[in-house]
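**Student:** Listed here are the chains, written in short residue letters.
There are 2 protein chains.
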Amino acid sequence: MSGERIIYLPLGGAGEIGMNAYVYGYGKAGQEELILVDIGVTFPDMETSPGVDLIFPDIAWLAERKDRLKAIFITHAHEDHVGAVAHYWERLGAPVYARAFTANIARRKMEEMGHKPEYVQTVSAWPETQRVGSFEVGFLPISHSIPESSALVIDTPAGRLMHTGDFKIDLTPVVGEAFDRGLWESVASSGVKALVCDSTNIFSSHEGRSEATVGPEIERLLSESKGMVCATTFASNVARLKTLAEAGQKAGRSIVLLGRAMRRMVEAAVETGVLKDFPSTVPVEEAGSIPRENLMLIVTGSQGERRAASAQLARGKHHGMELKEGDLFLFSSKTIPGNEKGVIRIINQLSERGVDVVDDSSGRYHVSGHANRPDLEAMHDIVNPQMVVPMHGEHRHLREHVKLAQTKGRQGVLAVNGTMVDLTGNEPKVVDYVETGRTYLDGSVQVGALDGVVRDRIRMALNGHATVTLVLDEEDEALGDPWVDLMGLPETGRSRQPLSDVLEEELAAVVARAGKKTLKDDDKLEEELRRAIRNGAQNEIGKKPEVTVVVSRLS
Amino acid sequence: MSGERIIYLPLGGAGEIGMNAYVYGYGKAGQEELILVDIGVTFPDMETSPGVDLIFPDIAWLAERKDRLKAIFITHAHEDHVGAVAHYWERLGAPVYARAFTANIARRKMEEMGHKPEYVQTVSAWPETQRVGSFEVGFLPISHSIPESSALVIDTPAGRLMHTGDFKIDLTPVVGEAFDRGLWESVASSGVKALVCDSTNIFSSHEGRSEATVGPEIERLLSESKGMVCATTFASNVARLKTLAEAGQKAGRSIVLLGRAMRRMVEAAVETGVLKDFPSTVPVEEAGSIPRENLMLIVTGSQGERRAASAQLARGKHHGMELKEGDLFLFSSKTIPGNEKGVIRIINQLSERGVDVVDDSSGRYHVSGHANRPDLEAMHDIVNPQMVVPMHGEHRHLREHVKLAQTKGRQGVLAVNGTMVDLTGNEPKVVDYVETGRTYLDGSVQVGALDGVVRDRIRMALNGHATVTLVLDEEDEALGDPWVDLMGLPETGRSRQPLSDVLEEELAAVVARAGKKTLKDDDKLEEELRRAIRNGAQNEIGKKPEVTVVVSRLS
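If you're matching them up, the sequences are chains A and B in order. The first sequence lines up with residues 1496 to 2050 when you count with my numbering. The second sequence lines up with residues 1496 to 2050 when you count with my numbering.
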């Protein structure tokens, strides 16, 4: 085996939370056979990516080595793990392996993008394994906040790796497999080179709570509610949906599911057999005939998304349902950093309707899907790997996780996106840095985050936009004065005259001053007109707009 | 006194946290003499107000009644209470009253805007009072997170009102006056019609902690620190600055203040005598000669502001200081909702430098400046007013605060911005709704939030911008083809041809198809060209840009 090596290369998800994409390779340096674990998305925001629809990891490195890519494995069906699979399938072109529920979701995505669903292959859990090139890969069940989450057992000729995927240690997860410590110990017993491990909750110092603790709290809450009840959580948290629906049923309420994502998830969970005994639901069209005190809506939009059901209900009637004084709205969810303002907006709108809102601030109505610090320590001990490679975290999480590994004398390596680590020897070795980044799905087009497209939009948002037009005749003489059209700028400034008039005077002065040489030179002329606008506006309104100069020459 | 009434009218701060502005009036309906309590700002964000510099309450109602405005009282020097005083002074033109520290800050603002600082009058605390028209107003000291915060005792011929301003009940506030329960009881003992009361922390159910509890925790933290220490908090929290500096001094560290706002606040506090015995500080220029383990920087930027000292230090060298492996960075502050991403960005940058970051998640290194629920209850009981009017809160806070008042059998009224409440009788009565809103300071210009200026900028940020130019001759014939300039849009789309080429073909087709009538009609022609761009782009890139059409006619 001399010369062969195992490499690990995160292209997304390490140094950020979101858009997971982890490459593993085995073979001679530069000729490794490759597999990809997860291919997810992250979500845009107005501050850094206005107008963008989705954000993908930049997979240029992998796409250039497509011939060496043997397979894509998806650990679970969260968007940050599976969201880009269909968008990138053509560029990667490798078979996709996932367990039934995840595969069901992945296939829907493939179909939406016009790809054949057969490219996604359903596999069974460990001890079944897939041989792809030199790799043998098995899906080891692990508890998380979505059904059939799996760690991957990745066997190479040079040793076994374990990639946890997202996980928590939950012995009573309500839906899906409980954490099976014995199974994990037996898998790890033959020796594990590297544990590549979720880092999300490294800063939560208390032991994690089981999904099963949430139900009784919600039942208690519902027993005191006299009006209609509406609850929201992540649509993919099928266990929570079940917990909520069962609590509603026990309280004598009919269950209505609202929101496309919610119905799709329940459908996938039922189709694949992971969800059994879900309380029967009532179509929203029939809910009108049921007294509101006997209704419980379970709706999408726990993160304050403007178009989701929760936001619609906060604003008014939605599918005939309307929240009123004395109703209860429950956020059975955590607000992801960055979404606070959207969630607070909804809470205030509900407050205006007289609705009582209960959120997770008490810690009773939601539990995290990720392992807290003591559970991460437990995982290190169960697997007892030669080295710990923290993933799924921002820099601060990865760094703290490395420190945690080191407290027990284990080696850790801080590898952010683009860091290629050689795992072959007795200690991890950084061997290369690969260019990585973000790709934006912008409307129907993929653009690079650094292409300048979004940068220009941000500039227009900050500074407004001015169009300058000038027509020149065959002799390079101005035909009339230049004119100005403004967008996103105030109508008047310091002088109280119309801003466009003030700017047009400046432009006319530029043209009057300009020599023949300038008038013949498009670049020079444009530059002078642009500068006149920017300085004139700065003086008048204290702002320098973005400028488009159009010089039309009759020739 | 028949026909006279007391009115309360919030123009900002009720139904939101920020830009406080509360009007009180006394007199015959429609002829009341008016006073204004506080005139603050709120801060813009990319999502709702890109490019905006500051947000003010819309004071049109009050400006139209300027002749009846007798005075402006500022309770304390936080930006959301004093920030707009200079910007609006010309439109309001009434004398400004404040205690020494607040007046010092207000005068600096007046001078920056070119107004005479003498318009701000320094007054002493209760029992001194100011008579303005029918009002007699006194500043009653109250603890908060800035020196010399005051409640207002507002006496009218029809009874006494108490306006808490921002407050907490703190018996050991480190800097400034401790809460004096006896004094408050004596002021309230003659009977209070209405308590207009801070609502910020109504949802915090535990008793508030004193500022004095923070010091020992910080001392403990510093005793374990081996590298340089850097701490950030709100510059205006002078007590915290003192706590931090004293802890640093005890740990044998020299103190360096970094950030303009921080130095300005300490300067104002020293000038006005509210800050005594502040540990001596070292200018940053001299810090280089001190071993880093003997240094403590106290810096601005606790909210992740990109240009503040904390962000600069996270990015690299700042005034010769540089944070390194083994240094400690302390956030002695709470992150305001909406600022999470900015703060997390800094924490990760610090993590990349190997700096250990401690934030407030343990609850040990920061205490709030606002009264929690039990303290609000205590305040209701101490003042024992006829009615409680919650202010300084979002709708959800005001609503909950009304409920709290009602649990003890007191009347409460939920009055958001623009709600005029008559406080004269035995119960509060809503008598009018006044138009309110927001005014943006945009560069150097004030624009209305609904003027469409910012809306257009948001649209350009989401959709990009296209300029279309067409030149027509004297016969209304097109001179050449129309052309397109794009900004913030991808270069190619579905067809893989340059987007501008594809769009120009569409435009040329429009012009070729257009009859004489359309070509003569600017509006119609513009509309058709705009539609062609929007539909063409939707088809090509899945996005409809904002469009500026310029038709130049040679005539």
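Heads up, a few of these hints could be off.
Since the list can't tell identical chains apart, any single copy or any two copies may satisfy a pair.
To be verified - Quick list of in silico lysine-lysine cross-link-like pairs, DSS-like style, CA-CA up to 27 angstroms:
(1) K1819 / K1898
(2) K2011 / K1611
(3) K1819 / K1903
(4) K1898 / K1836
(5) K1819 / K1829
The set of hints was computed from the structure by calculation and includes no laboratory data. Just so you know, these numbers come straight off a predicted model, no measurement behind them.
**Student:** Now, for every hint given, state plainly whether the structure supports it.
**Tutor:** Hints, one by one, checked against the model:
In this assembly of identical chains, K1819 and K1898 lie within 27 angstroms of each other by CA distance solely across copies; the values are 17 angstroms between and 51 angstroms within a copy. For the identical chains of this complex, K2011 and K1611 are neighbours neither inside a copy (63 angstroms) nor across copies (51 angstroms), given an alpha-carbon limit of 27 angstroms. For the homomeric pair K1819 and K1903, the shortest alpha-carbon distance between copies (25 angstroms) is at most 27 angstroms, but the shortest distance inside one copy (55 angstroms) is not. Taking the shortest alpha-carbon separations for K1898 and K1836, only the inter-copy value of 24 angstroms comes in at or below 27 angstroms, while the best intra-copy value is 33 angstroms.
Taking the shortest Cα distances, K1819 and K1829 sit within 27 angstroms of each other inside one copy (24 angstroms), while across copies they are farther apart (34 angstroms).
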